[in-house]
Structure formats: C-alpha cells, structure tokens
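*Asks:* Next come the chains, spelled out residue by residue.
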Amino acid sequence: MTVYVLPQIAPAGDQFPRDLIRRGKSENNMSNNFEGMEELGTRVADAVVKKYESARAKAQSDLVFNHSVEDIYLPIRKVTQGEVEWAQKNYDELMRNYNNEQEIRGRDLVKLVDYRAIFLRKESQEKASFYKVELHAIRLGEAAFVTNPFELYIES
Amino acid sequence: MKNKLLIGWSEVSITPDKKVMLAGQFFERVSEYVETPISVTAMAVESGQEQMVICSCDLVSIGENLLNLVRESLRDKVTGLDVNKIIINATHTHTAMLYEIAGTGSSCSSLDVLKRYLPKNNVYVEKVVSNDTMHPHGALMFLVEKITMAIKNAWEGRKKSYYANEFGRVAVGMCRRVVYDDKTAKMWGDTNLANFDELESGNDSGIELLYVFDENKKLTGVVVNVACPSQVVEHRSFISSDYWGKVRILLRKKFGEDLFVLGLCSAAGDQCPRDIIRWVRPETPIDDPNIKRENYIERNADPSMFDINGTWKVGKRIANEIIDVYDEAVQHLCYESELMHTVTTVDIPIRRVTITEYNAAVKTIEDYIKNAGKDHFSFTDNASMHVYAGTIARYEYQQSHDICPIEVHIVRFGDVAFATNPFELFLNYGNQIRARSKARQTFIIQLACGSHAYLPTKKAEQGSHYSAYVSSGITGHQGGEILVRKTVEAINKMW
Numbered sequence: 001m002t003v004y005v006l007p008q009i010a011p012a013g014d015q016f017p018r019d020l021i022r023r024g025k026s027e028n029n030m031s032n033n034f035e036g037m038e039e040l041g042t043r044v045a046d047a048v049v050k051k052y053e054s055a056r057a058k059a060q061s062d063l064v065f066n067h068s069v070e071d072i073y074l075p076i077r078k079v080t081q082g083e084v085e086w087a088q089k090n091y092d093e094l095m096r097n098y099n100n101e102q103e104i105r106g107r108d109l110v111k112l113v114d115y116r117a118i119f120l121r122k123e124s125q126e127k128a129s130f131y132k133v134e135l136h137a138i139r140l141g142e143a144a145f146v147t148n149p150f151e152l153y154i155e156s
Numbered sequence: 001m002k003n004k005l006l007i008g009w010s011e012v013s014i015t016p017d018k019k020v021m022l023a024g025q026f027f028e029r030v031s032e033y034v035e036t037p038i039s040v041t042a043m044a045v046e047s048g049q050e051q052m053v054i055c056s057c058d059l060v061s062i063g064e065n066l067l068n069l070v071r072e073s074l075r076d077k078v079t080g081l082d083v084n085k086i087i088i089n090a091t092h093t094h095t096a097m098l099y100e101i102a103g104t105g106s107s108c109s110s111l112d113v114l115k116r117y118l119p120k121n122n123v124y125v126e127k128v129v130s131n132d133t134m135h136p137h138g139a140l141m142f143l144v145e146k147i148t149m150a151i152k153n154a155w156e157g158r159k160k161s162y163y164a165n166e167f168g169r170v171a172v173g174m175c176r177r178v179v180y181d182d183k184t185a186k187m188w189g190d191t192n193l194a195n196f197d198e199l200e201s202g203n204d205s206g207i208e209l210l211y212v213f214d215e216n217k218k219l220t221g222v223v224v225n226v227a228c229p230s231q232v233v234e235h236r237s238f239i240s241s242d243y244w245g246k247v248r249i250l251l252r253k254k255f256g257e258d259l260f261v262l263g264l265c266s267a268a269g270d271q272c273p274r275d276i277i278r279w280v281r282p283e284t285p286i287d288d289p290n291i292k293r294e295n296y297i298e299r300n301a302d303p304s305m306f307d308i309n310g311t312w313k314v315g316k317r318i319a320n321e322i323i324d325v326y327d328e329a330v331q332h333l334c335y336e337s338e339l340m341h342t343v344t345t346v347d348i349p350i351r352r353v354t355i356t357e358y359n360a361a362v363k364t365i366e367d368y369i370k371n372a373g374k375d376h377f378s379f380t381d382n383a384s385m386h387v388y389a390g391t392i393a394r395y396e397y398q399q400s401h402d403i404c405p406i407e408v409h410i411v412r413f414g415d416v417a418f419a420t421n422p423f424e425l426f427l428n429y430g431n432q433i434r435a436r437s438k439a440r441q442t443f444i445i446q447l448a449c450g451s452h453a454y455l456p457t458k459k460a461e462q463g464s465h466y467s468a469y470v471s472s473g474i475t476g477h478q479g480g481e482i483l484v485r486k487t488v489e490a491i492n493k494m495w
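Here the protein sequences come in this chain order: Z and X. Residue numbers for the first sequence, in the numbering used here: 1 to 156. Residue numbers for the second sequence, in the numbering used here: 1 to 495.
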C-alpha cells in the first residue's frame, strides 16, 4: 500500500536546518549533503511513526469540515525615492563591468536582483497601494489549517 | 598534555525522612509525600596532576555557605583532592528542601526588609512551624553531610575510564518571557492576546553529552547538559527530582541500576519546560495568578508541564536521545585526555537602584502595610512585597558595594569545555559563550558555586517584569557582558 506524505512548512522565513551557535562544532552535517538530509528526515519520520498508534486509535471520519477561501489585500511595502536613486547608482556602477545583465553571475547577480526588485517595486507602487493575497482557512475536526504565500517569519 | 583518565562516580540520596519546607515559588509549601527521591550525583575526574569534581544536586540553588561548608568538611576527610576544584551546581528543582542560605551580594533578605517596616504591634507569622518539619538550618547541615559523602565516595572511587563526548537534540526548554507590542515583557505572559508580539528569546534544543565507560567499556555514567531548569512540577507540594529523576529511572532500565546521571542545567534563566504558544493548563488547579488564562483553549500538544505526566514526557525525550546517541559514542572512546582547570574570581558590577526607585519602593511597602487592615503578616505578604523589599535591600547594599565577586570554573576536558556561573543565566549569554568558544563542545553549568539569581539581557531589562527586575538578580546586562567575555577568554586560552 502506498503511503502518501503531504509536507507543509509552518512559518519559517527566518528559520533553517543549521545550528548557528554550534556551527561546525557539533552538528556539522547540515550543509548540503546527504547525511544532513537523512538526519532531518529520520527525525521527522521518527516523530510520525511514534504518534502513529495513538493517531490510529482516535481516527475518525465524521467530523466538522469547513473551508473558506478569501482574498485579502495587504499594503505594498514602498520604496523611497532615495532607495531608488541608491539602486540606480549602484546598478550603473555594476553594469560598467558587464556588457549585459545575462553575463552576471555570483555575488553580483545577488546585487542585480536587489536593484531590479527596487525598480520593479517603484513601478508597481505607482499603480497600486495594495495587492491581493489568497488565504485559505480550513477546519478539520479539532485542527485548523491556514495558508499564506510568504516565507513568513516565525513570530507571525 | 594527554594523561590517562581516572573517573569516579557516586550518588547519595538527599530525600528527607521528614517533612520539609519546599524551596522556590512565592507561596509557602510543605512536602506532603515523596513523588521521586531527590539526590546528589558527583563525578570526580583526575588526569595527570589536574582534577575536577562536579556535584549536581536536586536543589533550587547552591548557597555560598553550603559550598564552603562542604569544602571545609572535605579538607580532613579526603587526601589528594583540591577542594577548590569542586563544582557544586543545582538542577533548579522547586520540589526539594529549603535550607539556610547565605552568601555575598545582599545585606539582608526581602523578608528582613519587610519586617523592619512592620509597626511594633504587628507580627510576621511563619506558617510552617511544627516539630515534624525539618528546619532550614537542619536542612543545611543535612545537605553538607550528604554532598560531602557523595564527593568523598566519587573521589575515592576513581578508576581508569574511557569517555566519549557526543551531541544530541531534544526539545525541552522554551522561552518563558512574552513580549507585547509596547515592548513590555512578562514572565508566563498570555500569548492569546492581540497585543502579543514575540517571545523574548529563542530556545536551545541541543544537548551536550559525555558518556563515561569503565575499563571493560561498560557505561558507568553520562553527563547531560540541557538548557532547561528542572521545574515541571514547581508548584506542587511533594518531594520530586522532577524530570531528572525520570531520566535516571529510564536510563537505568536500559543500562543497569548502577548507572550514574550527572544532569547539568545550561544557561536557561529565561527558559522553562512549557510551550507558551501552545499553552496547556495544569491538570489540577494551581493558585497562581500568573498561570491563569482568561480564554483558555484546549490544545493538542504536550501533556501538562505542571504535572507528573510532564516530567515523564521530558524524561523520556532526554533518555531516548541519550540511548539513541549511545551507539555513536561507543565507536570512538578515548582513554586519555587533556585536563585543565582554572578557578577564578570575576568581579561583576552590581545592578544599582536609583533614589527614585528606592523612594517608590519604600512608599509602596508603607502603603501596603497601612492599607492591609491587619496586624499579622505572612509569607503571602512577603511575596507581594518581594520586588520592593528587594529594591530597598539593593539600595542599602550599593551604599558600600560596587561589585560582587563570583566564582567561575573553566575546565578543558579533551575536546570539551565546562564553564560555570552562579546565575539563572539568560539563554543568549550561553549562546554567546558557546558560539565563541574554541572547544568542540561547551558545557555551560548555571547555578553553580553560588546563588546570585537571574542575569537578564539588556532587552529583558527594558521589557522588565519578574526575572529582569533589579531585585531579581545581583547584576544586569553589563555583568552579563563581562561574564561572557571573561568566560570566552578563559576557555580559548586553553585551546
């Protein structure tokens, strides 16, 4: 029988799987290698297996189920004219080293993305002050599911 | 220089055979029964000319008087042991005996201050005064005898040993200080409020482990460093070793009854075993306004972390991880180790009270007594006025003192560092020490060799509330910065 796994990420925009305090001193297997993925996969799988019997004992099919979908409008974070000028100046300096944007790689590419994002935000904020976000809220018995389209910080 | 390693272990029960007043909390408790025995566990280490003894106690804190009496008592009882190399620390269980405690850092207790403000015809009534209850002085002498015995036995039982240091990860401690949108903070604050902003700090799920084996490579003991005080059942009126007792029971089922467990609390002044976000209320009511919830919602989360079930849950989590990591430990045993141990006195600036704060505290106490409408005062009144009486005590102390000397031990044990402090040290200081330490693993032992209460961060001082008040600890963030710097310097000199 196939068992399906439906992974979901809770608010974790500022989270990741590495220990910044003990970096390289204890748990040094979380840097893009198989060992780290296996370690984390094992922890998650162990937790699921551990709760399986308890879950099976209270499994139910007759429960409250509600699902609402709503569009909400959030204010766009605006860039200032100063930020636009700062981005333009740095963009011009960067492009002195390249013939076109397609050539750019590495750290300079990160800078380019940042400058471009500021230009794009300037354009979009001139057209609208808010933007639409789809939000789902689901009640499944005693549990709630809520969605968001962000890399939401954990405190939210 | 590496030398062969000699390690000895001992555990001695400190379970009282009569009722005791229980230490911790702001209400009077007397033990009604023994839920789990309480004990002290000592590990003595010798390598070459160097030595170290760590004695972990199921107590709320270690007074300087207790430390000094134990050292004095051991001087003529053991040979070859430098009593200054003894570290005694508390697991911070709140279900062990209150004992007579004294040390530097305060001219008098908050109760002494309160009594001074009572008019002559008013009296302070001790609730617990019966012949079948152990007196705090008797409890002190009882503990001196038992801790002395544990250390003596461990020292005299030193044998050739192997060890392996390992790392585990278990969710135990969580931040207990809640910050609201006006940046004020509250210990045990309600998070189910629209003005809840964040938890003041993170938590540390990492646990530092050191397994010790005998000559036949049989496990004799394990040192476990967890960033969470042992205070699940802190409000209850029984004797209990809290979650450490359960760790011992569970590990002995696996490794044998003669296994020793040295539980050490890492920097965790702002940590607790409860999930403040997924709040689960006590199984039976607790008369503490700080843990009442107006709009309580049943959560599918941990069991109540106010009750015995919670101690088993935490105990299982820690024990399971120790068992799981054991298989890795046995693969790289060391039988010789570099051992270096320095004991230093660090001068910490005391956190000062302003004249305005002092005057406000005096007025608050005077008004409280005037408006109380009674002439008998009790522990409850002392609890209500504790913060203000502590403020007055500090103001008086600072007239003649600028600094408080604290004892700090730094040990290099192979790849591992041990660093002690006498505080309920906020987590971020522990993070700073651990991150900047050159040691592969850094065991931080709080509430060791003295009892100077909380050491909050600057952010906590700004947010205020219990654990970050001036009266909550002898020093503040300036002292914290000095402690971190001196500790890191001392560790890194050894590498």
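Check each hint, because a few of them may be wrong.
[Claimed, not checked] Simulated crosslink set (DMTMM-like; lysine to aspartate or glutamate; CA at most 20 Å straight-line): (1) X:Lys183 with Z:Glu155; (2) Z:Lys51 with X:Asp258; (3) Z:Lys58 with X:Asp275; (4) X:Lys217 with X:Glu257; (5) X:Lys363 with X:Asp381; (6) X:Lys186 with Z:Asp46; (7) X:Lys313 with Z:Glu70; (8) Z:Lys51 with X:Glu257; (9) X:Lys316 with Z:Glu155; (10) X:Lys459 with Z:Glu155; (11) X:Lys218 with X:Asp275; (12) Z:Lys50 with X:Asp324; (13) Z:Lys122 with Z:Glu83; (14) X:Lys313 with Z:Glu123; (15) X:Lys77 with X:Glu28; (16) Z:Lys50 with X:Asp258; (17) Z:Lys111 with Z:Glu126; (18) Z:Lys58 with X:Asp415; (19) X:Lys2 with X:Asp415; (20) Z:Lys51 with X:Asp347.
These are computed hints drawn from the structure, not numbers from a lab. Please read these numbers as outputs of a predicted model, since none were measured by experiment.
*Asks:* All hints, please: hold or fail.
*Replies:* Right, here's what the structure says about each hint:
1. Restraint check for Lys183 of chain X and Glu155 of chain Z: satisfied, since their Cα atoms lie roughly 14 Å apart, inside the 20 Å limit.
2. Pair hint Lys51 of chain Z plus Asp258 of chain X does not hold up; C-alpha atoms about 32 Å apart against a cutoff of 20 Å.
3. Of the supplied pair hints, the one linking Lys58 of chain Z and Asp275 of chain X is violated, its CA atoms being roughly 24 Å apart against a limit of 20 Å.
4. For the given pair, Lys217 of chain X sits about 16 Å from Glu257 of chain X by alpha-carbon distance, which is consistent with the 20 Å threshold.
5. Between Lys363 of chain X and Asp381 of chain X the CA atoms are separated by roughly 15 Å; this keeps the pair inside 20 Å, and the hint holds.
6. At roughly 35 Å between alpha-carbon atoms, Lys186 of chain X and Asp46 of chain Z are farther apart than 20 Å, so this suggested pair is violated.
7. Pair hint Lys313 of chain X plus Glu70 of chain Z does not hold up; C-alpha atoms about 40 Å apart against a cutoff of 20 Å.
8. Pair hint Lys51 of chain Z plus Glu257 of chain X does not hold up; C-alpha atoms about 29 Å apart against a cutoff of 20 Å.
9. Only pairs whose Cα atoms come within 20 Å are accepted, and Lys316 of chain X paired with Glu155 of chain Z is rejected, the gap being roughly 29 Å.
10. Between the alpha carbons of Lys459 of chain X and Glu155 of chain Z the distance comes to roughly 17 Å, so the proposed pair stays at or under 20 Å and holds.
11. Straight-line distance between C-alpha atoms of Lys218 of chain X and Asp275 of chain X comes to about 37 Å, which puts the hinted pair past the 20 Å bound.
12. For the proposed pair Lys50 of chain Z and Asp324 of chain X, the alpha carbon gap of about 14 Å is at most 20 Å, so the pair holds.
13. Straight-line distance between C-alpha atoms of Lys122 of chain Z and Glu83 of chain Z comes to about 10 Å, which keeps the hinted pair within the 20 Å bound.
14. For the suggested pair Lys313 of chain X and Glu123 of chain Z, the alpha carbons sit about 55 Å apart, so the restraint of at most 20 Å is broken.
15. As the CA atoms of Lys77 of chain X and Glu28 of chain X are separated by approximately 37 Å, the hinted pair breaks the 20 Å bound.
16. Distance hint between Lys50 of chain Z and Asp258 of chain X is unfulfilled; the C-alpha atoms sit about 29 Å from each other, more than 20 Å.
17. Using a Cα cut-off of 20 Å, the hinted pair Lys111 of chain Z and Glu126 of chain Z is violated, with the two alpha carbons roughly 23 Å apart.
18. The hinted pair formed by Lys58 of chain Z and Asp415 of chain X fails the criterion: a straight-line CA distance of about 48 Å is larger than 20 Å.
19. Pair hint Lys2 of chain X plus Asp415 of chain X holds up; C-alpha atoms about 11 Å apart against a cutoff of 20 Å.
20. Of the supplied pair hints, the one linking Lys51 of chain Z and Asp347 of chain X is violated, its CA atoms being roughly 50 Å apart against a limit of 20 Å.
In terms of the numbered hints stated before, the structure departs from hints 2, 3, 6, 7, 8, 9, 11, 14, 15, 16, 17, 18 and 20, listed from lowest to highest.
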